[in-house]
Amino acid sequence: MQMSGAQMVCEAIIAEGVTTVFGYPGGAIMHVYDEIYKQEGFEHILNRHEQASVHAADGYARATGEVGVAMVTSGPGFTNAVTGLATAYMDSIPMVVISGQVPSQLIGTDGFQEIDAVGISRPCTKHNFLVRSLEELPRVLKEAFYIARSGRPGPVLVDVPKDITVDIGEFKYPDSVDIPSYKPTYKGNKRQIEKAVEAIKLAKKPLLYIGGGVVLSNATDLVRALSEKTQIPAVETLMARGVMGAKNPLLLGMLGMHGNYSSNMAMSETDLVISLGARFDDRVTGKLSEFAKYADIIHVDIDASNIGKLVDVDFPIVGDITQVLEKMIPLLDDVNPDRYQAWREILNRYDELHPQSYVDSDEVIKPQWAIERIGELVGENAIITSDVGQHQMWAAQHFPFDRPRQWINSGGLGTMGFGFPAALGAKRAFPDKTVINVTGDGSILMNMQELVTAAEYKIPVINLILNNHFLGMVRQWQTFFYEKRYSETDLSFQPNFKALAEACGGIGYDVTTKAEFDAALKDAIEQDKVCFMNVQTNRFEDVLPMVPSGGALFNMMLPQKNPSNEGEK
Amino acid sequence: MTNTTSERRVISVIVMNESSVLARVTALFAGRGYNIESLTVAPIPESDMSHITIATNGSAKVMEQITKQLHKLIPVYKVIEHEEMVEKEMVLVKFPIAENLSDISALCAAYNGGIVNVGKEMVIAQVADEPKRIKHFIEASQRYNPSEIVRGGVVAIER
Numbered sequence: 001m002q003m004s005g006a007q008m009v010c011e012a013i014i015a016e017g018v019t020t021v022f023g024y025p026g027g028a029i030m031h032v033y034d035e036i037y038k039q040e041g042f043e044h045i046l047n048r049h050e051q052a053s054v055h056a057a058d059g060y061a062r063a064t065g066e067v068g069v070a071m072v073t074s075g076p077g078f079t080n081a082v083t084g085l086a087t088a089y090m091d092s093i094p095m096v097v098i099s100g101q102v103p104s105q106l107i108g109t110d111g112f113q114e115i116d117a118v119g120i121s122r123p124c125t126k127h128n129f130l131v132r133s134l135e136e137l138p139r140v141l142k143e144a145f146y147i148a149r150s151g152r153p154g155p156v157l158v159d160v161p162k163d164i165t166v167d168i169g170e171f172k173y174p175d176s177v178d179i180p181s182y183k184p185t186y187k188g189n190k191r192q193i194e195k196a197v198e199a200i201k202l203a204k205k206p207l208l209y210i211g212g213g214v215v216l217s218n219a220t221d222l223v224r225a226l227s228e229k230t231q232i233p234a235v236e237t238l239m240a241r242g243v244m245g246a247k248n249p250l251l252l253g254m255l256g257m258h259g260n261y262s263s264n265m266a267m268s269e270t271d272l273v274i275s276l277g278a279r280f281d282d283r284v285t286g287k288l289s290e291f292a293k294y295a296d297i298i299h300v301d302i303d304a305s306n307i308g309k310l311v312d313v314d315f316p317i318v319g320d321i322t323q324v325l326e327k328m329i330p331l332l333d334d335v336n337p338d339r340y341q342a343w344r345e346i347l348n349r350y351d352e353l354h355p356q357s358y359v360d361s362d363e364v365i366k367p368q369w370a371i372e373r374i375g376e377l378v379g380e381n382a383i384i385t386s387d388v389g390q391h392q393m394w395a396a397q398h399f400p401f402d403r404p405r406q407w408i409n410s411g412g413l414g415t416m417g418f419g420f421p422a423a424l425g426a427k428r429a430f431p432d433k434t435v436i437n438v439t440g441d442g443s444i445l446m447n448m449q450e451l452v453t454a455a456e457y458k459i460p461v462i463n464l465i466l467n468n469h470f471l472g473m474v475r476q477w478q479t480f481f482y483e484k485r486y487s488e489t490d491l492s493f494q495p496n497f498k499a500l501a502e503a504c505g506g507i508g509y510d511v512t513t514k515a516e517f518d519a520a521l522k523d524a525i526e527q528d529k530v531c532f533m534n535v536q537t538n539r540f541e542d543v544l545p546m547v548p549s550g551g552a553l554f555n556m557m558l559p560q561k562n563p564s565n566e567g568e569k
Numbered sequence: 001m002t003n004t005t006s007e008r009r010v011i012s013v014i015v016m017n018e019s020s021v022l023a024r025v026t027a028l029f030a031g032r033g034y035n036i037e038s039l040t041v042a043p044i045p046e047s048d049m050s051h052i053t054i055a056t057n058g059s060a061k062v063m064e065q066i067t068k069q070l071h072k073l074i075p076v077y078k079v080i081e082h083e084e085m086v087e088k089e090m091v092l093v094k095f096p097i098a099e100n101l102s103d104i105s106a107l108c109a110a111y112n113g114g115i116v117n118v119g120k121e122m123v124i125a126q127v128a129d130e131p132k133r134i135k136h137f138i139e140a141s142q143r144y145n146p147s148e149i150v151r152g153g154v155v156a157i158e159r
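Chains as they are written, first to last, in the working numbering: chain C, 1 to 569; chain S, 1 to 159.
None of these hints come from the bench; they were simulated from the model.
Model, not experiment: these values are computed from the prediction.
Glycine included, every Cβ here is placed at the ideal spot set by N, Cα and C.
A portion of the hints provided could be inaccurate.
To be verified - Which chain S residues face chain C? A few, computed with CB under 7 Å, are given here:
(1) GLY31
(2) LYS68
(3) GLN69
(4) LYS72
(5) ILE74
(6) PRO75
(7) VAL76
(8) TYR77
Excised from the complex, chain C in its bound form:
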């Protein structure tokens, strides 16, 4: 069929089954927007900043597991999208971003709104394309979606010069992809799996170390089956919250810098780490030489470059978690779960000794209380997104996540401003869920223009602002490590959050008491409008436990058990 390049872009998006595209028009992408106007195959959401478009597509992808799509123009449109690409890249999120580019003949001439998009995005995309002819456009689009979702997923940029969107040619969307140099390994090596199984059978203190790869591979049921069958205890990374389910007795909690005591002690004392889709991030391992010091390591990962990158691995298995576990679990038929009973008891005692706790207050709302409260009031029906900082850690620690894809946050890059637009994407994908962006008074301002988007499209997400008038996480480090010199972290000067939300067509709530909190949340859920819940919390609450940067996991600063010391107020 004959059509323009712009129409081909739209047809490819429809053919890939994408129903929602987030974007922002501009000169170089105008022909595509003209076709978007004419088509009915997908909906387009106009964010108010390109960064938010990419985060929204990202949130959509994380909530659904499908490829998210964002569209931006050349130059500043593209550069604004870079943070979004990098965020998705660090967390391996399948996404296709289509950017306009100046006409082919102007490339390299410093044309208006020209920037080398493939050059800039090379280190923060899984792959990128500068389309060089109309003939290759259908194949490039097909490959972009294929690369984004296959293997270890990631964002792919397709940079389309304006003249190619105008040209008319034959369109046939390819049925399949053949890239000789790109063949992801899905099947784990049988021999390696058998060796790993033997190691599990010989271990006395094995530990499942569950990472975001389990979510990406949709392998939750298999991981739960593995732990159920063997009764091996498990720790989750920040990216894997929800995989085991909060109520699962075998789940110790989250490990790492702000992991709970029993999780970090388990990792310090285990004799066999079974790593599933985790990548030994520095925020997880602490001091590497002390990390899992007494353990052999089984590392299952679809990306061979993750294996042996930071720790030496005894049983490397390159493959998709789902396919590896399908082979591994039947081989564990003769494991007696009693074998690990003593180990589980030790860990339970650790948890009783130092449970995940905080000191609540009647006078002021504690941020941890607020998180637990939304867990009680909306629980399973919620999707929680977050920005980056203390609120993110409190949400990860205290919300009872019971399924994967219920928790959406920027783990790898740590992008402030991610949560609100990501919530828009998640809510668009699941309109019946209550979507709450847990945020802070610092982070929320980084993409607050999305109030307008949310109001216009009636995307009623709740922004729970845990307001301590500080850039809290940096403030916490300044308290601990910089002798309380609060350099540029005091946010005492504040906007009127309630009025701000209302000015943009949303609802604002000022919350200072627990009663007001419950009432505001109840009202916010019933409304069909976006809202800011501005919750005043105590200023100097710290995220604990904490492993100081570079320290060994077992050296944790623990929360006080005694409520007498309220610290500074």
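Starting from the known structure of chain C, fit chain S onto it as the hints suggest.
Relative to chain C, chain S alone:
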């Protein structure tokens, strides 16, 4: 021990022949602060692929990461970390014609080369040999006042 000692290494990278592939490969080195000692690239006959040869320095662990990261690039077809290889490098040297040409010719012959071009004021010699011997050749040629030296970079093939 071998895991941490930095040694000279040669890797071959077989890539799909497309415009941005060299940038992807070199950016990977640059972004991680790895050094490239020499680099050559040429199309592989009767295919749509190119052969990149990179000489670099690094420990075994760093090399393992480089190899894996290279392999992760979409247009990279194959990465060969050379162990048992035949390795050659070419060099062109320009000498003033006033120098002793028979001496230069003998020197070049000792390193598998010879004089390949003679102009009004200059002669050009070409030598192709192992990189270590190329280094020796360049040292030895200094006494004939070379005015320009262009090294070609390493090519290698596994034995």
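So, going through the hints one by one against the coordinates:
With a least beta-carbon distance of about 5 Å to chain C, the hint placing S:GLY31 at the interface is held under the 7 Å criterion. At its closest, the beta carbon of S:LYS68 sits 4 Å from a beta carbon of chain C; the interface hint therefore holds under the 7 Å criterion. The interface hint given for S:GLN69 holds, since its Cβ lies 5 Å from the closest Cβ of chain C, which is under the 7 Å cut-off. Taken as an interface hint, S:LYS72 checks out: its beta carbon lies about 5 Å from the nearest beta carbon of chain C, inside 7 Å.
The closest approach between the C-beta of S:ILE74 and any C-beta of chain C is roughly 4 Å, which is under the 7 Å cut-off, so the hint is satisfied. Residue-level restraint check for S:PRO75 holds (minimum Cβ-Cβ distance to chain C is 5 Å; threshold 7 Å). Given hint, S:VAL76 at the interface with chain C, holds; its Cβ is 6 Å from that chain's nearest Cβ, closer than 7 Å. The beta carbon of S:TYR77 comes within 4 Å of a beta carbon in chain C, closer than 7 Å, and the hint placing it at the interface holds.
In summary, the structure agrees with every hint in the numbered list given earlier.
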